[in-house]
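Novice: Chains as they are written, first to last, in my numbering: chain P, 1 to 692; chain U, 1 to 325.
These aren't lab readings, by the way, just hints derived from the structure by calculation. Be aware that a few hints might be false.
As the list claims (entries may be wrong) - Here are some, though not all, of the chain U residues that point toward chain P, as calculated from beta-carbon distances under 7 angstroms:
{"hint": "1", "residue": "42"}
{"hint": "2", "residue": "48"}
{"hint": "3", "residue": "181"}
As the list claims (entries may be wrong) - Dumping the calculated DSS-like pairs for lysine-lysine here, alpha-carbon to alpha-carbon at most 30 angstroms:
{"hint": "4", "chain 1": "U", "residue 1": "55", "chain 2": "P", "residue 2": "526"}
{"hint": "5", "chain 1": "U", "residue 1": "244", "chain 2": "P", "residue 2": "248"}
{"hint": "6", "chain 1": "P", "residue 1": "248", "chain 2": "U", "residue 2": "55"}
{"hint": "7", "chain 1": "P", "residue 1": "477", "chain 2": "P", "residue 2": "508"}
{"hint": "8", "chain 1": "U", "residue 1": "55", "chain 2": "U", "residue 2": "75"}
{"hint": "9", "chain 1": "P", "residue 1": "526", "chain 2": "U", "residue 2": "230"}
{"hint": "10", "chain 1": "U", "residue 1": "230", "chain 2": "P", "residue 2": "187"}
{"hint": "11", "chain 1": "U", "residue 1": "84", "chain 2": "U", "residue 2": "62"}
{"hint": "12", "chain 1": "P", "residue 1": "175", "chain 2": "U", "residue 2": "62"}
{"hint": "13", "chain 1": "U", "residue 1": "323", "chain 2": "P", "residue 2": "248"}
{"hint": "14", "chain 1": "P", "residue 1": "529", "chain 2": "U", "residue 2": "62"}
{"hint": "15", "chain 1": "P", "residue 1": "529", "chain 2": "U", "residue 2": "55"}
{"hint": "16", "chain 1": "P", "residue 1": "248", "chain 2": "U", "residue 2": "230"}
{"hint": "17", "chain 1": "P", "residue 1": "130", "chain 2": "U", "residue 2": "84"}
{"hint": "18", "chain 1": "P", "residue 1": "182", "chain 2": "U", "residue 2": "84"}
{"hint": "19", "chain 1": "U", "residue 1": "244", "chain 2": "P", "residue 2": "682"}
{"hint": "20", "chain 1": "P", "residue 1": "187", "chain 2": "U", "residue 2": "244"}
{"hint": "21", "chain 1": "U", "residue 1": "55", "chain 2": "P", "residue 2": "175"}
{"hint": "22", "chain 1": "P", "residue 1": "187", "chain 2": "U", "residue 2": "323"}
{"hint": "23", "chain 1": "U", "residue 1": "244", "chain 2": "P", "residue 2": "529"}
{"hint": "24", "chain 1": "U", "residue 1": "53", "chain 2": "P", "residue 2": "187"}
{"hint": "25", "chain 1": "P", "residue 1": "641", "chain 2": "U", "residue 2": "172"}
{"hint": "26", "chain 1": "U", "residue 1": "55", "chain 2": "P", "residue 2": "182"}
{"hint": "27", "chain 1": "P", "residue 1": "175", "chain 2": "U", "residue 2": "53"}
{"hint": "28", "chain 1": "P", "residue 1": "182", "chain 2": "U", "residue 2": "75"}
{"hint": "29", "chain 1": "P", "residue 1": "682", "chain 2": "U", "residue 2": "230"}
{"hint": "30", "chain 1": "P", "residue 1": "182", "chain 2": "U", "residue 2": "230"}
{"hint": "31", "chain 1": "P", "residue 1": "496", "chain 2": "P", "residue 2": "529"}
{"hint": "32", "chain 1": "U", "residue 1": "244", "chain 2": "P", "residue 2": "526"}
{"hint": "33", "chain 1": "P", "residue 1": "364", "chain 2": "U", "residue 2": "172"}
{"hint": "34", "chain 1": "U", "residue 1": "53", "chain 2": "P", "residue 2": "526"}
{"hint": "35", "chain 1": "U", "residue 1": "244", "chain 2": "U", "residue 2": "323"}
{"hint": "36", "chain 1": "P", "residue 1": "182", "chain 2": "U", "residue 2": "53"}
All C-beta atoms, glycine included, are put in the ideal place defined by N, C-alpha and C.
Residue strings, one per chain:
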Amino acid sequence: MRIVLILLLFLGGCGEVWNDPYPAEERGRNIFYTSFINRPKHLDPVQSYTSDEADFTMQVYEPPLQYHYLKRPYELVPLTALGVPKAQEIEGGKFTVYEIRIRPGIRYQPHPGFVPENFSLSPARIDGLKSPYDLPLGTRELLADDYIYQIKRLAHPRLHSPIFGLMSEYIVGLKEYAGQLKQADRKEGWLDLRQFPLQGVEKTGPHSFRVTLRGSYPQFAYWLAMPFFAPMPWEAERFFEQPGMAQKNLTLDWWPVGTGPYMLTENNPNARMVLERNPNFRGEAYPPEGERGDAEAGLLQDAGKTMPFIDRIVFSREKESIPYWNKFLQGYYDVSGIGSDQFDQAVRVSIEGDANVTPEMEEKGIRLSTSVETSTFYVGFNWLDKVVGGDSERARKLRQAISIAFDVEEQITIFSNGRGIAAQGPIAPGIFGYREDQEGMNPVVYEWREGKPVRKSLEVARKLLAEAGYPDGRDAKTGQPLVLYFDTVARGAGDKAAFDWYRQQFEKLSIQLEIRTTDWNRFQDKIRKGDTQTFRLGWNADYPDPENFLFLLHGPQSRARTQGENAANYANPEYDALFERMKHMANSPERQRLIDRMVDIVRADAPWIWGVHPKSYSLRHSWVSNDKPNTMARNSMKYLKIDPAKRAELRAQWNRPVVGPLILIVLLLVASAIPAVVSYRKRERMAARPAA
Amino acid sequence: MLGYIVRRALYAIPILIGVNLITFLLFFVVNTPDDMARMQLGTRRVTAEAIEKWKAEQGYDKPYVWNSGTDGLGKLTDTIFYQKSLRLFAFDFGAAEDGRDIANEIRMRMWPSLALALPVLLVGLAVNITFALLMAFFRATYLDFWGVVLCVAMMSISALFYIIGGQYIASKVWHLVPISGYAGGLDAWKFLVLPVLIGVVGGIGAGGRWYRTLFLEEMARDYVRTARAKGLAESTVLFRHVLKNAMIPILTGVVVVIPLLFMGSLLTESFFGIPGLGSYTIDAIQAQDFAVVRSMVFIGSVLYILGLLLTDLSYTLVDPRIKLQ
Numbered sequence: 001m002r003i004v005l006i007l008l009l010f011l012g013g014c015g016e017v018w019n020d021p022y023p024a025e026e027r028g029r030n031i032f033y034t035s036f037i038n039r040p041k042h043l044d045p046v047q048s049y050t051s052d053e054a055d056f057t058m059q060v061y062e063p064p065l066q067y068h069y070l071k072r073p074y075e076l077v078p079l080t081a082l083g084v085p086k087a088q089e090i091e092g093g094k095f096t097v098y099e100i101r102i103r104p105g106i107r108y109q110p111h112p113g114f115v116p117e118n119f120s121l122s123p124a125r126i127d128g129l130k131s132p133y134d135l136p137l138g139t140r141e142l143l144a145d146d147y148i149y150q151i152k153r154l155a156h157p158r159l160h161s162p163i164f165g166l167m168s169e170y171i172v173g174l175k176e177y178a179g180q181l182k183q184a185d186r187k188e189g190w191l192d193l194r195q196f197p198l199q200g201v202e203k204t205g206p207h208s209f210r211v212t213l214r215g216s217y218p219q220f221a222y223w224l225a226m227p228f229f230a231p232m233p234w235e236a237e238r239f240f241e242q243p244g245m246a247q248k249n250l251t252l253d254w255w256p257v258g259t260g261p262y263m264l265t266e267n268n269p270n271a272r273m274v275l276e277r278n279p280n281f282r283g284e285a286y287p288p289e290g291e292r293g294d295a296e297a298g299l300l301q302d303a304g305k306t307m308p309f310i311d312r313i314v315f316s317r318e319k320e321s322i323p324y325w326n327k328f329l330q331g332y333y334d335v336s337g338i339g340s341d342q343f344d345q346a347v348r349v350s351i352e353g354d355a356n357v358t359p360e361m362e363e364k365g366i367r368l369s370t371s372v373e374t375s376t377f378y379v380g381f382n383w384l385d386k387v388v389g390g391d392s393e394r395a396r397k398l399r400q401a402i403s404i405a406f407d408v409e410e411q412i413t414i415f416s417n418g419r420g421i422a423a424q425g426p427i428a429p430g431i432f433g434y435r436e437d438q439e440g441m442n443p444v445v446y447e448w449r450e451g452k453p454v455r456k457s458l459e460v461a462r463k464l465l466a467e468a469g470y471p472d473g474r475d476a477k478t479g480q481p482l483v484l485y486f487d488t489v490a491r492g493a494g495d496k497a498a499f500d501w502y503r504q505q506f507e508k509l510s511i512q513l514e515i516r517t518t519d520w521n522r523f524q525d526k527i528r529k530g531d532t533q534t535f536r537l538g539w540n541a542d543y544p545d546p547e548n549f550l551f552l553l554h555g556p557q558s559r560a561r562t563q564g565e566n567a568a569n570y571a572n573p574e575y576d577a578l579f580e581r582m583k584h585m586a587n588s589p590e591r592q593r594l595i596d597r598m599v600d601i602v603r604a605d606a607p608w609i610w611g612v613h614p615k616s617y618s619l620r621h622s623w624v625s626n627d628k629p630n631t632m633a634r635n636s637m638k639y640l641k642i643d644p645a646k647r648a649e650l651r652a653q654w655n656r657p658v659v660g661p662l663i664l665i666v667l668l669l670v671a672s673a674i675p676a677v678v679s680y681r682k683r684e685r686m687a688a689r690p691a692a
Numbered sequence: 001m002l003g004y005i006v007r008r009a010l011y012a013i014p015i016l017i018g019v020n021l022i023t024f025l026l027f028f029v030v031n032t033p034d035d036m037a038r039m040q041l042g043t044r045r046v047t048a049e050a051i052e053k054w055k056a057e058q059g060y061d062k063p064y065v066w067n068s069g070t071d072g073l074g075k076l077t078d079t080i081f082y083q084k085s086l087r088l089f090a091f092d093f094g095a096a097e098d099g100r101d102i103a104n105e106i107r108m109r110m111w112p113s114l115a116l117a118l119p120v121l122l123v124g125l126a127v128n129i130t131f132a133l134l135m136a137f138f139r140a141t142y143l144d145f146w147g148v149v150l151c152v153a154m155m156s157i158s159a160l161f162y163i164i165g166g167q168y169i170a171s172k173v174w175h176l177v178p179i180s181g182y183a184g185g186l187d188a189w190k191f192l193v194l195p196v197l198i199g200v201v202g203g204i205g206a207g208g209r210w211y212r213t214l215f216l217e218e219m220a221r222d223y224v225r226t227a228r229a230k231g232l233a234e235s236t237v238l239f240r241h242v243l244k245n246a247m248i249p250i251l252t253g254v255v256v257v258i259p260l261l262f263m264g265s266l267l268t269e270s271f272f273g274i275p276g277l278g279s280y281t282i283d284a285i286q287a288q289d290f291a292v293v294r295s296m297v298f299i300g301s302v303l304y305i306l307g308l309l310l311t312d313l314s315y316t317l318v319d320p321r322i323k324l325q
């Protein structure tokens, strides 16, 4: 009883709310609370590639360009650059030059690397460090040299940049540069890349540099909006390469150094990561214009105001969905995604298909934002397979028949709570080349009826199947039933329903489907070897250009033949030729015409069952503003704004401690002990024990 | 005694080599070095050269356990198994595949694990023994009967139910404690109250029944009858004589788990967001991080062997008749 009372007193000391997971001194402050599931693997901009990592790196590092926060389709705008660089062809198009001019006066966040004394720390000093910010801090101006240094780091022999292979095809001399660095590397200590010039990257002034590419590569501008091309001060690399730093987890891979609005001040990927406002940040104006409807949605209220609006961002690690969701409902996370388990609690979908929050959420002032992601999930047919692959009429009709029978709309309804749209081709909405409505309908699978695409009937599919030589799902020559194999990754018992549904889709055509489940490694291995028949896969766009989707079906990028990204190993000479032309073109009616033709070709060939472009649903509390989903830009934290006073008030209202039942339980426990005590005393006073 | 300890320490060496070998084989049956490279480098735009480079840098480009390409001892030593496992015996765990220092991670994470596991063990032990002694005291009465029924019922409930139910009631409905999270130092207490309570309550069923059986067995012995015949109060018989003599089986169960407390609880840490060693191991398995997996298995084995040794030593403390030779 005493313990419980002491505990209650302790909890009473927590203020009016007891279940607040954050320190009391943070209450009422301008802090944004969010979460992360997977610990980031890399925060070094030359290595980091996942969206989870970008949530941290993109708030710290500033590449020359960024995406407009509000406008759609996505548009590149300057970040640290003075303008979006224009490609200049030289030597008759043999090379392309991008000249990037950086805004002068931008300063780095405070960092120990900018204090020369910190380059020669004693082992004891390093051993006592918990954070690099325990040391004296300095700063300096951002220079073109820092961008050049970072481009050189793509070829660093001790780093693994995922885009080195791609960039070495384009940036003049980068491949050879990697060899040069490998020769020079002593495997330990700092490798000063300033000593080694890179042919294709040239400094033209203290705030300008030039990148020379082989041939034409218009998509290069999009890479300039990714952390791979963010500036890296040599001092930071020099600082972290001191002996003993890595043993203290003090590396550039864990402590980013940038010019962005925030700096990472706490890095505990097991529990919590904290971004603090960078005191040296120059300030950036909130965009003055957006797309239609943004003003009405209140997204232009802060137009022209200086960002960032939030002082600190706290990311807490939350591995399980139940505590995560409950903490959002309690107001301890400011925004949230919606898991399948919580969908019905959070969202109601009208008969017309409009999604909105449930009355329970509405009562709390929670609002819903939706957006179609620049991603596609599909079922691929292996082009190298004898039955479903290849450009024979028989195989083509078989693929078309299956594409019609495979009811993607039903799949979205059953397995994604309606969160997605059925794909009509490889290109996702919001990307140049994507066409809406009837213009964008896939005529192989759909027909236009009453103002919307309607999946063709099973009769059409069965007719195609018969024409392919499989009447009623049997081989016309041998009479054997058609059995197809579907390779996928098994994630758990919950997959059974999905697999049963897959089988049903093929059974509609009397085709037997054998599901071959395996783990991710084996699955990838099978895809690499072309050892599949049908399989399930997806793609998230790197940048908003049709090339980034259409290359997934480009013959020379076959996964089995060249380890490229064309997992279906699809090959069509006409498509491939059009792709080579299209990828070098700027967006124009001519480019659209080529894309239309390419999409028509792949629709007819049907190397994929055009699956789903997922829709992301996110919830935010009433105290959060300026939140607009942007699947391309990850540097969105600077735009967000919160009302801490309103949050504190609502948190207190929603989380009043309920002590009554606890006291009741204690009283019940005490009461239940009374018979035992009475019985004990009675026994102790007995003169003799009764026979047992 | 010293000779006994040295002998046991020497016995541990082949056991640890065996554990390492089994871990190695099990890991590489399901993961190849190529898979590990892809896990670290990602699956997008990764070239075969990048994979080979990663393997060479990490030392995964060698044969697994036998290198027929070299001469002499090199056949054994120039292998992944030898290179990766030998330094564990010097407690040099190296870096995880993502570059973070494993020893540093373990030092950081063992305290949250211990902060959760130690109170669960101690409070749980006190509660279970008290509950079992009460049942033994009231044996063959309705209190004993319903106590056993309660134990069986509590044993039958999944640990996950206690966790989710506890979080729902204590945090979501009553708003008494945070539903998950962790803070260092004294601030940790408000995050630990609920998981500790759940750990203790969840263990009452099995623990209560087990200790009740031990006590009842002891109470049937002649010395207990003698004590009662001398006119000692039942409480004195139970607490002074029965409890003391039941210490050997209690110690067997308790001392062996003390070193393992550092290893953490997989489920509880995950649900309560406690950054301990339990979740570290799970993360490493999911990330195919062999460096962490082998280190954690090695530490687990060492601690288990240590626990068994401590158990043997503790016998001599509670029973003077036992001598270790």
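Novice: Evaluate each hint against the coordinates.
Specialist: Outcome of the hint check:
| no. | hint | result |
| --- | --- | --- |
| 1 | 42 | 5 angstroms, holds |
| 2 | 48 | 6 angstroms, holds |
| 3 | 181 | 4 angstroms, holds |
| 4 | U/55 to P/526 | 21 angstroms, holds |
| 5 | U/244 to P/248 | 47 angstroms, violated |
| 6 | P/248 to U/55 | 24 angstroms, holds |
| 7 | P/477 to P/508 | 21 angstroms, holds |
| 8 | U/55 to U/75 | 19 angstroms, holds |
| 9 | P/526 to U/230 | 79 angstroms, violated |
| 10 | U/230 to P/187 | 80 angstroms, violated |
| 11 | U/84 to U/62 | 11 angstroms, holds |
| 12 | P/175 to U/62 | 26 angstroms, holds |
| 13 | U/323 to P/248 | 45 angstroms, violated |
| 14 | P/529 to U/62 | 23 angstroms, holds |
| 15 | P/529 to U/55 | 20 angstroms, holds |
| 16 | P/248 to U/230 | 65 angstroms, violated |
| 17 | P/130 to U/84 | 28 angstroms, holds |
| 18 | P/182 to U/84 | 25 angstroms, holds |
| 19 | U/244 to P/682 | 25 angstroms, holds |
| 20 | P/187 to U/244 | 62 angstroms, violated |
| 21 | U/55 to P/175 | 20 angstroms, holds |
| 22 | P/187 to U/323 | 55 angstroms, violated |
| 23 | U/244 to P/529 | 67 angstroms, violated |
| 24 | U/53 to P/187 | 13 angstroms, holds |
| 25 | P/641 to U/172 | 27 angstroms, holds |
| 26 | U/55 to P/182 | 16 angstroms, holds |
| 27 | P/175 to U/53 | 15 angstroms, holds |
| 28 | P/182 to U/75 | 28 angstroms, holds |
| 29 | P/682 to U/230 | 19 angstroms, holds |
| 30 | P/182 to U/230 | 87 angstroms, violated |
| 31 | P/496 to P/529 | 26 angstroms, holds |
| 32 | U/244 to P/526 | 62 angstroms, violated |
| 33 | P/364 to U/172 | 15 angstroms, holds |
| 34 | U/53 to P/526 | 22 angstroms, holds |
| 35 | U/244 to U/323 | 18 angstroms, holds |
| 36 | P/182 to U/53 | 11 angstroms, holds |
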